[in-house]
Each structure stands twice: as C-alpha cells, then as structure tokens.
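Asks: Each chain, written out:
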Amino acid sequence: MDHISIIGMASIITAGLTICIGSIGPALGEGRAVAQALSSIAQQPDESGTITRTLFVGLAMIESTAIYCLVIAMILIFANPFWDYVVSR
Amino acid sequence: MDVVGLKEISSDVVVIWQWGFISLNATILYTWMVMALLTIVSWLVTRKLSVGPKLSRWQNLLEVLVSAMRNQIREVSQQEPDQYLPFIGTLFLFIAISNLLAIIPGYVPPTGSLSTTAALAISVFVAVPVYGIADKGAIGYLKRYVRPTVFMLPFHVMGEISRTLALAVRLFGNMMSGTKIGAILLAVVPLFFPILMQVLGLLTGLIQAYIFAILAMVYIASATRAHHEKEENNKHLSKGER
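Just so you know, the protein sequences line up as chains D and E, in that order. Residues in the first sequence are numbered consecutively from 0, following numbering that gives the first Met the number 0. Residues in the second sequence are numbered consecutively from 0, following numbering that gives the first Met the number 0.
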C-alpha cells in the first residue's frame, strides 16, 4: 500500500473510533447527572431554578469532552495535516 | 446556498474581498454584521425610552432581557450585578445573536470559527484578573494562586489555561458541528431531517450562549468572591456579638 491509502485508512478508522469511544463516557455521565437532577427537582421543586442552572453548566462541562473528540474526528477527516502533506508532495 | 463548503471546517478560509495583504473573510464580515445589528437595534430602541406605564414593544423586550441577565448574574455571583453586566451581557448577547441568526440562509455563524471563540475566551481570561485585582488589589488577587500551599501554583496556572481552552473549543465544537451536520444531512437525506437538526441547532446555540456567559461569570466570581464571603462572615459575627 502506498502512503495515501495508509494515511486515508488510518484517519477514517481513527476518526470513527474517536467519536464512538469518546461519546461513551460523556453519555453515561450526562445520564447520571440528569437522573440525579430530576430526582432532586422531585424532592425540592422550589429549588428547580438553581438545580436547572447548575445542571446546564455541569452538562456543558461533561459534554465538552465529547466535543473534544468530535473536533479531533473532524480534524482527522476534513483538515488532516498529514493527508495535505502527502497529497501536495 | 452554502457559503462554507463541506470540505472546510471553518469560515475563515472563505475570502470575500482581498486588497493587497488585507483580506476580508466570512468570519470577520459576519462578526461585524452581528455587532452592527446589536448596536443599531439598541441605539434605535434606547433613543426614546419611556418611564410611564406605556412601553414600546421593543423597550419591553430589552427590559426583559436586561433584567433577566441581572437576575442571573446576581444569583450566580451573589453580588450586585452592575459591575459585571456590561461584560457578561455583551458576551451573552453577541453569542446568542450570532448563533440564532443561523436560520437566515447564507449566514455562517462567526462562533463556528475557532478564531472568534478563542478571542472571546481570551477576553474572559483577561477579564478574570482585571475584575479580581479591581476587587481585591494585586497582592490579594495573586495570593489566591498560592492559597493552600505554594506547590499548588502550577496547578492553578494550568487550570486557568485549560479552562480558557475548554471555553473556546466547547463553543467552536458545538456551533461547527451544528452547521456541519446540517450540511451532511442535506447531502444524505435532504427532505425533512435538516430542518429538525436546524431547530435543534438553534436550541443548542442559545444554551451554549447561556453556558458561556454563566461560566465566565462563575470564573470571575471565583476570583472575587472569597473576599466578600469573609466580609459577610465578619458582619454576621459582629451582629451575633451584639
């Protein structure tokens, strides 16, 4: 195999693996956070404003790990520096 | 109409106008358009304000926005919001408007480019010590870095840098993925699905603007709050003694 096919294959497979493995953890974490927040709201409906705001901020924090994986996958597919180098050579 | 091609990850590469080494790309153009929209609308609305019970529709909208922002800032920071409203409110309004305008065809959200989000995150990175020093003085602010022991200094510095990076990449990733998913779905199932994802993208954009502003407020509040808590405790103590 020449360089182009090796780099293309490695980028695509790695991008898929990145997004699929990288979304497992945040999905579990967000599920736990939402479940806990729902039961907290059920227990204390008066505090639902504070709980919801904290939940959103926390979800954004958790979700950012998945977003990093997405950015890496996007870079691998759309803006891969090694691919550009090999193609330009 | 697709301004940014499927192959490009950011709107920086779309050069609209070039003169010598000065080039105007889509990100800058849309950023300035959003800024102009915000400025002109607020100028037009605040030109004739009324204090009576009869409000104009637009004044009512702006009052609802401003009072909601003040309430949120007060709840998060436990301080009076006047000092923080200009910075936090501007961040929220700019990001929210630039995300929400994505329903207009041909518009590319400037927040979908890493340059814009990095600039916003750097302004937060600068604002934290500015507010902290204005509140507690330079020495009082710098003491925070060596708070439990001196050995925590590198971790504090690393935390500041990584949370700035996280702010930038989070907003960029969310907005970029929203537009990218729309473009990919348009190529795969062009009938009805892209609209649903677009609607979801509007919701995501608003939530991201909210989160960006709230996180900036939390970071600033963490640089200024300890001082106030101590004051409050002292007040309570003196009251208790009396």
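It is possible that part of the hints are untrue.
Said to hold, decoys possible - Some residues of chain D that are not near chain E, with every Cβ distance over 12 Å (derived):
| # | residue |
| --- | --- |
| 1 | Met8 |
| 2 | Ala34 |
| 3 | Val56 |
| 4 | Arg88 |
Stated by the list, open to error - Simulated coverage check for chain D against chain E, where a stretch passes if three residues somewhere in it have a Cβ under 8 Å from a Cβ of chain E:
| # | stretch |
| --- | --- |
| 5 | 48-55 |
| 6 | 61-74 |
Since the hints were made in silico from the structure, they are not lab data. Where is the CB? At the ideal position from N, CA and C, for every residue including glycine.
Asks: Could you run down the list of hints and mark each one as holding or not?
Replies: Status of each hint after checking the structure:
no., hint, verdict
1, Met8, "holds, 19 Å"
2, Ala34, "holds, 19 Å"
3, Val56, "violated, 6 Å"
4, Arg88, "holds, 19 Å"
5, 48-55, "holds (count 4)"
6, 61-74, "holds (count 8)"
When held up to the earlier numbered hints, the structure conflicts with hint 3 and nothing else.
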